[in-house]
Amino acid sequence: MDDAFIELDGVEKVFDVRKKTGFLKRERHQVRAVDSISFTVARGEMVGYIGPNGAGKSTTIKMLTGILTPSGGRLRVAGIDPSRERTRLAHRIGVVFGQRTTLWWDLPLIDSYKLMHRMYRIPDARYRENLDRLTELLDLGELLDVPVRQLSLGQRMRGDIAAALLHDPEVLYLDEPTIGLDVVSKTKVRDFLRQLNTERSTTVLLTTHDLQDIEQLCSRVMVIDHGRLVYDGPLTGLHEAGESERTLVVDLERELPPIEAPPPARVVRVEGPRQWLAFPASASAAELVARIAARYPLVDLSVREPDIEAVIARMYEERAGRALS
Amino acid sequence: MEGLRAYGLIAGMWVRSGMTYRASFVFTVFGNLLVTGLDFVGILLMFSQVDSLGGWTLPEIALLYALSVTSFGIADLLLGSMDVLGARMRDGSFDILLVRPVPVLAQVGADRFAVRRLGRITQGAVVLGWALVAVDVDWSAVKVLLVPVMVVSGAAIFSAVFVAGAAFQIFAQDAAEVQNAFTYGGTTLLQYPPSVFGKDLVRGVTFMLPLAFVNWVPAAYVLDRPYPIGLPGWAAFASPLVAVGCCALAGLAWRTGLRSYRSTGS
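Protein chains in written order, with the working numbering: chain A, 5 to 329; chain B, 12 to 277.
Treat the hints with care, since some could be wrong.
Restricting the straight-line Cα-Cα distance to at most 20 Å, the calculated cross-link-like pairs of lysine to any residue (SDA-like) are [claimed, not checked]:
{"hint": "1", "chain 1": "A", "residue 1": "23", "chain 2": "B", "residue 2": "185"}
{"hint": "2", "chain 1": "A", "residue 1": "118", "chain 2": "B", "residue 2": "19"}
{"hint": "3", "chain 1": "A", "residue 1": "118", "chain 2": "B", "residue 2": "123"}
{"hint": "4", "chain 1": "A", "residue 1": "23", "chain 2": "B", "residue 2": "186"}
{"hint": "5", "chain 1": "A", "residue 1": "24", "chain 2": "B", "residue 2": "186"}
{"hint": "6", "chain 1": "A", "residue 1": "24", "chain 2": "B", "residue 2": "182"}
{"hint": "7", "chain 1": "A", "residue 1": "118", "chain 2": "B", "residue 2": "27"}
{"hint": "8", "chain 1": "A", "residue 1": "23", "chain 2": "B", "residue 2": "183"}
{"hint": "9", "chain 1": "A", "residue 1": "118", "chain 2": "B", "residue 2": "20"}
{"hint": "10", "chain 1": "A", "residue 1": "23", "chain 2": "B", "residue 2": "101"}
{"hint": "11", "chain 1": "A", "residue 1": "118", "chain 2": "B", "residue 2": "273"}
{"hint": "12", "chain 1": "A", "residue 1": "190", "chain 2": "A", "residue 2": "141"}
{"hint": "13", "chain 1": "A", "residue 1": "118", "chain 2": "B", "residue 2": "101"}
{"hint": "14", "chain 1": "A", "residue 1": "23", "chain 2": "B", "residue 2": "140"}
{"hint": "15", "chain 1": "A", "residue 1": "118", "chain 2": "B", "residue 2": "25"}
{"hint": "16", "chain 1": "A", "residue 1": "118", "chain 2": "B", "residue 2": "114"}
{"hint": "17", "chain 1": "A", "residue 1": "118", "chain 2": "B", "residue 2": "23"}
{"hint": "18", "chain 1": "A", "residue 1": "23", "chain 2": "B", "residue 2": "27"}
{"hint": "19", "chain 1": "A", "residue 1": "118", "chain 2": "B", "residue 2": "29"}
{"hint": "20", "chain 1": "A", "residue 1": "118", "chain 2": "B", "residue 2": "14"}
{"hint": "21", "chain 1": "A", "residue 1": "190", "chain 2": "A", "residue 2": "140"}
{"hint": "22", "chain 1": "A", "residue 1": "118", "chain 2": "B", "residue 2": "15"}
{"hint": "23", "chain 1": "A", "residue 1": "24", "chain 2": "B", "residue 2": "183"}
{"hint": "24", "chain 1": "A", "residue 1": "118", "chain 2": "A", "residue 2": "140"}
{"hint": "25", "chain 1": "A", "residue 1": "23", "chain 2": "B", "residue 2": "182"}
{"hint": "26", "chain 1": "A", "residue 1": "29", "chain 2": "B", "residue 2": "183"}
{"hint": "27", "chain 1": "A", "residue 1": "118", "chain 2": "B", "residue 2": "22"}
{"hint": "28", "chain 1": "A", "residue 1": "29", "chain 2": "B", "residue 2": "182"}
{"hint": "29", "chain 1": "A", "residue 1": "118", "chain 2": "B", "residue 2": "13"}
{"hint": "30", "chain 1": "A", "residue 1": "118", "chain 2": "B", "residue 2": "112"}
{"hint": "31", "chain 1": "A", "residue 1": "118", "chain 2": "B", "residue 2": "24"}
{"hint": "32", "chain 1": "A", "residue 1": "24", "chain 2": "B", "residue 2": "15"}
{"hint": "33", "chain 1": "A", "residue 1": "24", "chain 2": "B", "residue 2": "185"}
{"hint": "34", "chain 1": "B", "residue 1": "210", "chain 2": "B", "residue 2": "242"}
{"hint": "35", "chain 1": "A", "residue 1": "118", "chain 2": "B", "residue 2": "182"}
Calculated from the structure, these hints are not laboratory results.
Using the sequences and the accompanying hints, generate a full structural model.
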C-alpha cells in the first residue's frame, strides 16, 4: 500500500484501572481498550468504524488524533506519529465530536470561525473561499450571526463540521456525527459528507451507531469489539458474515394465531393483532409481504433494519458456533 | 511565542463572551473589587485593636499583604481558571483542546479568562502604593528596584503553582480543591508576617513550596528585618531564580501529566 494515509500496526491501549475493594484497599487490573489492531486507510477512502459501546472506537480515534498515547504498536497518520507531534498533525486533520462542540457558546457562530482562521493561520483568501463554500453547502448562511447557544442540535452539528473543515484537512474524523439529529438534519449531514469525499477526496473516518450512516456513505466498514477488529470489508459482507435479519412488523385486522410464514422467515413475537417476523436481510421484503397479504387480513406493516448491535451479536454466535463444530 | 499568541486569541474570545452579559459583567467587576477590598479592611480592623502583629507594624503588614495580593492577582488573572481543568476532563471537552494546533497550556491558561479578576490586582496595587509611602524605610536604589522584581517573581511563582496544580489534576481529576489550598491558601498565608507562624511551616514555605520568596524574604530585606529563617544575605535577591526554577519544574510536571492523560470513556 503505497498510498496508505492512516496506518496502524499492532496498536494497543491498556488502561490501569483501580477498583475499590474495601476501605483504602484498591485492586489494580489492566483493561485492554484496544488490543493489537492493524489496518490501513488509503487517501480518499470513506470508512465506517462501528462497534458496541465500550468496544474501543473512541479510544482508537483518540490515538489517531494524538489525544491518547498508544501503549504499544506503531501508528502513523500522514507519516506523522500523532502523540509525538500532535500540534503539527492538528493542521492536517479535522475532528468532530458529536457530543461536544468546539464552538463558542455565547458568541455568534462566525466568531468561532474567525478564531479558527487565526488559530490555524489559514491564508485570508483560502479562509474566505472555504467559509463561503461551507456556508452554502451546509446551509449556514442565516446562522452565522446567531449565538451558538441558540442553535438547534442539527444546526450546531453542521456548524461544528464547518469549523473542522475551514483549514482544509486531509482527513476528517467524525465521532457519532448524526447522534440525536432529526431525519432532515441527518440527510443534510450525510449529503454533505458524500460530496466532501467525492469532490475534494477528503479521507473520512466515522464512528456511528446508525447503520444507515454506513449504508449511505461508506464502501468499507470496520467492526471492533472488545478492542479487536472483528470485521474489515464492505457492508454487504458484514450482513453475510453476521447473517443479519430484518424484522417485518404486521398489524392484522384481528388477533390471529402466529402467521405461517415461508421459512426461513418466522414469527418471533405476537402481541394482540400485531406480529413480528424475522427474515434474512438479504431476502426480499416485498415477496414476503405479498405472500402474507394473500392469506391474511393485513392492515398495516413496517420493516425494521437490523441494528449494529444485533449484527455483531449474530456474528459472534456464528463464530462461536464454528469454533464448536 | 505561538503559545502567547494563542493565549491572546482565546482570552479575547472569553472576554467577548463575558461581554454578552453586560449587566452581569459590571456587577462582577464591582463585586470582585468590593470582596477583595474587604480583605484588607479586615486587617485594618485588627490593627484598630493592636499596635503590631508578630512585631510588624501596620504599614509593614500592608506591604506584605499588597505584594502577596498583587503578585497572586497577576497569576490569577493569567492562569486562574486552571481549576476548571478537572471539570473539562470529566465532561470530555478537554479533548477538543488537544486537537487544536496550539499549545494546550496556553488554551487551558486562557480558559474562562475574566477581566473581573483585575479587581484583585487594582486593590493590591492601591494598598501597595500606600504601604510604600507609609513604611519607615531608608530607600536605596537596590530596595526600590527590588519592589517590581518581587511583584514579577511572585507572579511567576504563583503561576508555577497554578500550572503544577493543573498537572496534578490530570492524575486526580477532582483535585481542584488541593490546588486552591496552595494558591488561595498560599496568598492568604503570605499576608501575615512569618513571625506569627510555626518554624516548620515557615521552613516548608521556604524550601518545599518556596512561596516565602514572593514577599517574606525580599520584603524582610527592604524593611531591614531578619530573614524568617537563617538564610544568607543574598537570599533576598534569589526570588527571580526561584521563580525560574519553579516555572521549569511546573512545565515539566505539565508535560508529564499531558502524556499520561487518559481521557474519558466516549
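Are the Cα positions of residue 210 of chain B and residue 242 of chain B separated by 20 Å at most? Roughly 13 Å between the alpha carbons, so the hint for residue 210 of chain B and residue 242 of chain B holds.
Are the Cα positions of residue 24 of chain A and residue 185 of chain B separated by 20 Å at most? With a Cα-Cα distance of about 17 Å, the restraint between residue 24 of chain A and residue 185 of chain B holds, given a limit of 20 Å.
Does residue 25 of chain B lie within 20 Å of residue 118 of chain A when you go C-alpha to C-alpha? Between residue 118 of chain A and residue 25 of chain B the Cα gap is close to 14 Å, so the pair holds against 20 Å.
Straight-line Cα separation of residue 118 of chain A and residue 14 of chain B no greater than 20 Å? 18 Å, holds
Residue 118 of chain A and residue 140 of chain A were given as a pair; does the straight-line alpha-carbon distance stay at or below 20 Å? Judged against 20 Å, a Cα distance of about 17 Å means the pair holds.
Within 20 Å, alpha carbon to alpha carbon, are residue 190 of chain A and residue 140 of chain A? Answer holds: residue 190 of chain A to residue 140 of chain A is near 17 Å, not above 20 Å.
Are residue 118 of chain A and residue 29 of chain B close enough, with their CA atoms no more than 20 Å apart? 18 Å, holds
For a C-alpha distance cap of 20 Å, please report whether residue 29 of chain A and residue 182 of chain B respect it. Cα-Cα ~19 Å, so holds.
Under the criterion that the straight-line Cα-Cα distance not exceed 20 Å, is the pair residue 24 of chain A, residue 186 of chain B satisfied? Between residue 24 of chain A and residue 186 of chain B the Cα gap is close to 18 Å, so the pair holds against 20 Å.
Starting from residue 118 of chain A, check that the Cα of residue 182 of chain B is at most 20 Å away, please. With Cα atoms ~34 Å apart, residue 118 of chain A and residue 182 of chain B exceed 20 Å; violated.
Satisfaction of hint between residue 101 of chain B and residue 23 of chain A, Cα-Cα up to 20 Å: 18 Å, holds
Assess, step by step, whether the Cα of residue 118 of chain A is no farther than 20 Å from the Cα of residue 114 of chain B, and give holds or violated. 19 Å, holds
Hints 11, 13, 14, 18, 32, 35 from the earlier list are contradicted by this structure; the remaining hints agree with it.
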